[in-house]
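2 protein chains.
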Amino acid sequence: MRIAVLGGTGKEGSGLALRWAHAGHEVIIGSRDAEKARRVAEELNLALGAGRIRGADNAGAARDAEIVVLTVPYAAHKDTLANVKDAVQGKVLVDVTVPINPDDFTRVAVPPGGSASKEAQAILGQGVKVVTAFQNISATHLKKLDAVIDCDVLVCGDDDAAKRIVMQLVADAGMKAWDAGPLDNAVVVEGLTPILLGINKRHKVKGAGIRITGA
Amino acid sequence: MRIAVLGGTGKEGSGLALRWAHAGHEVIIGSRDAEKARRVAEELNLALGAGRIRGADNAGAARDAEIVVLTVPYAAHKDTLANVKDAVQGKVLVDVTVPINPDDFTRVAVPPGGSASKEAQAILGQGVKVVTAFQNISATHLKKLDAVIDCDVLVCGDDDAAKRIVMQLVADAGMKAWDAGPLDNAVVVEGLTPILLGINKRHKVKGAGIRITGA
Numbered sequence: 001m002r003i004a005v006l007g008g009t010g011k012e013g014s015g016l017a018l019r020w021a022h023a024g025h026e027v028i029i030g031s032r033d034a035e036k037a038r039r040v041a042e043e044l045n046l047a048l049g050a051g052r053i054r055g056a057d058n059a060g061a062a063r064d065a066e067i068v069v070l071t072v073p074y075a076a077h078k079d080t081l082a083n084v085k086d087a088v089q090g091k092v093l094v095d096v097t098v099p100i101n102p103d104d105f106t107r108v109a110v111p112p113g114g115s116a117s118k119e120a121q122a123i124l125g126q127g128v129k130v131v132t133a134f135q136n137i138s139a140t141h142l143k144k145l146d147a148v149i150d151c152d153v154l155v156c157g158d159d160d161a162a163k164r165i166v167m168q169l170v171a172d173a174g175m176k177a178w179d180a181g182p183l184d185n186a187v188v189v190e191g192l193t194p195i196l197l198g199i200n201k202r203h204k205v206k207g208a209g210i211r212i213t214g215a
Numbered sequence: 001m002r003i004a005v006l007g008g009t010g011k012e013g014s015g016l017a018l019r020w021a022h023a024g025h026e027v028i029i030g031s032r033d034a035e036k037a038r039r040v041a042e043e044l045n046l047a048l049g050a051g052r053i054r055g056a057d058n059a060g061a062a063r064d065a066e067i068v069v070l071t072v073p074y075a076a077h078k079d080t081l082a083n084v085k086d087a088v089q090g091k092v093l094v095d096v097t098v099p100i101n102p103d104d105f106t107r108v109a110v111p112p113g114g115s116a117s118k119e120a121q122a123i124l125g126q127g128v129k130v131v132t133a134f135q136n137i138s139a140t141h142l143k144k145l146d147a148v149i150d151c152d153v154l155v156c157g158d159d160d161a162a163k164r165i166v167m168q169l170v171a172d173a174g175m176k177a178w179d180a181g182p183l184d185n186a187v188v189v190e191g192l193t194p195i196l197l198g199i200n201k202r203h204k205v206k207g208a209g210i211r212i213t214g215a
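If you read the protein sequences in the order shown, they are chains D and W.
What the first sequence shows, in our numbering, is residues 1 to 215, in sequence order.
What the second sequence shows, in our numbering, is residues 1 to 215, in sequence order.
Hints are not guaranteed to be accurate.
Given that identical chains are not distinguished, each listed pair holds provided it fits within a single copy or across any two copies.
To be verified - The calculated BS3-like cross-link candidates involving lysine-lysine, where the alpha carbons are at most 27 Å apart (straight line), are:
#: 1; residue 1: K201; residue 2: K36
#: 2; residue 1: K143; residue 2: K206
#: 3; residue 1: K176; residue 2: K201
#: 4; residue 1: K78; residue 2: K36
Worth flagging that the hints you see were computed from the coordinates, not collected in a lab.
Model, not experiment: these values are computed from the prediction.
My request is simple: use the sequences and hints to build the entire structure.
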């Protein structure tokens with residue numbers, strides 16, 4: 001598939017971009033700064049030893065892609081969504097955003113709209129299939145292509161076909177996906193990240209994660 | 001310790017009661033129906049081969065205990081808390097309640113008060129140390145004392161000393177506890193249960209759970 005990774009110059013986004021390109025997908029890194037996006041794309045192509053990644057500004061990346069993945073910080077969430085709203089109509093948007101509490105990153109704060117991804121759906125309208133995934137994946141090991149990511153991916157969304165596409169992309173990135181129900185459930189998956197960051201802090205580690213057991 | 005398990009005639013409560021009694025704690029099963037509580041206590045004593053469990057009405061159980069564990073359905077949450085409010089002042093109350101969405105038990109519904117346990121704290125007042133735990137533990141295997149429970153316990157609360165007591169009780173019941181931060185984080189732990197119930201339903205299993213990795 002042709003995948004745009006908006007905010008793809010960041011650690012999480014560029015790690016996912018590298019893994020998808022490695023799996024044979026065509027990837028467009030999106031950034032507010034198109035020049036920076038192109039530079040990061042070239043670095044990733046060098047790491048990959050192939051030319052499947054290019055850079056563009058966020059709206060251009062979203063326009064050219066079949067599926068759009070959003071990996072910006074929560075502070076840039078609304079503006080980025082408004083910026084790409086037209087370009088993503090009719091597409092699947094994968095929201096990776098975690099609403100981090102500015103006062104304490106280990107304390108859950110439920111956003112006014114119910115969750116970051118419910119806010120995304122409200123901004124984009126019903127013409128876009130919002131699916132959430134990857135919020136609990138630490139960026140730490142994403143760029144090591146042979147590293148086993150010891151964390152499952154909980155996938156939420158209201159459109160089953162869109163969810164199946166995203167679950168395949170999770171597998172293509174070397175992770176295990178679980179259907180975690182409708183978009184209403186994303187508040188929980190987003191909120192797991194502050195809990196994992198608290199465990200990181202207390203245990204002096206970088207990549208605490210979760211695994212689903214018994215199924 | 002002397003532990004009251006309110007709603008302890010149910011599957012989750014009686015399973016925890018049995019495990020704590022097995023670990024040497026004195027347990028009081030609480031129920032709206034004291035007679036039923038005494039009957040279940042006797043059954044558990046028979047299973048245990050010891051007489052460390054007795055039954056009482058909820059308020060009596062709470063009054064006689066050092067620590068009070070609440071395992072009632074969400075529909076009985078507010079009434080039970082109001083009923084034991086005086087009896088639990090100055091104590092630790094462990095809230096196991098999951099707010100189940102009556103329209104769809106696999107869909108997360110955040111309660112008006114932020115979470116069941118925040119509602120408990122509001123009802124009981126600041127004289128009670130509310131800690132949450134065990135919401136994600138399926139009752140299925142609790143009563144088999146030699147069964148390994150393949151699910152970790154995320155413990156939330158605003159009082160560190162109270163949280164440490166509860167984390168020890170988790171270990172005494174044969175499970176692994178993690179400090180999952182302040183009571184504000186309980187909305188996530190409570191909401192994990194509908195997600196796990198959805199996984200149970202889709203995968204035709206009974207006891208999907210979670211494990212924390214990487215820490």
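Treating 27 Å as the Cα threshold, decide for K143 and K206: within, between, both or neither. Answer is within; shortest intra-copy Cα gap is 15 Å, inter-copy 36 Å.
If the cut is 27 Å between Cα atoms, do K201 and K36 qualify within a copy, between copies, both or neither? Classified as neither; 31 Å inside a copy, 45 Å across copies.
Is it within a copy, between copies, both, or neither that the alpha carbon of K78 lies no farther than 27 Å from that of K36? Close inside one copy (21 Å), not across copies (55 Å); limit 27 Å.
Measure nothing new, just compare the shortest in-copy and cross-copy C-alpha distances for K176 and K201 to 27 Å and report within, between, both or neither. both (25 Å within a copy, 18 Å between copies)
The structure fails hint 1 only (numbered hints given earlier).
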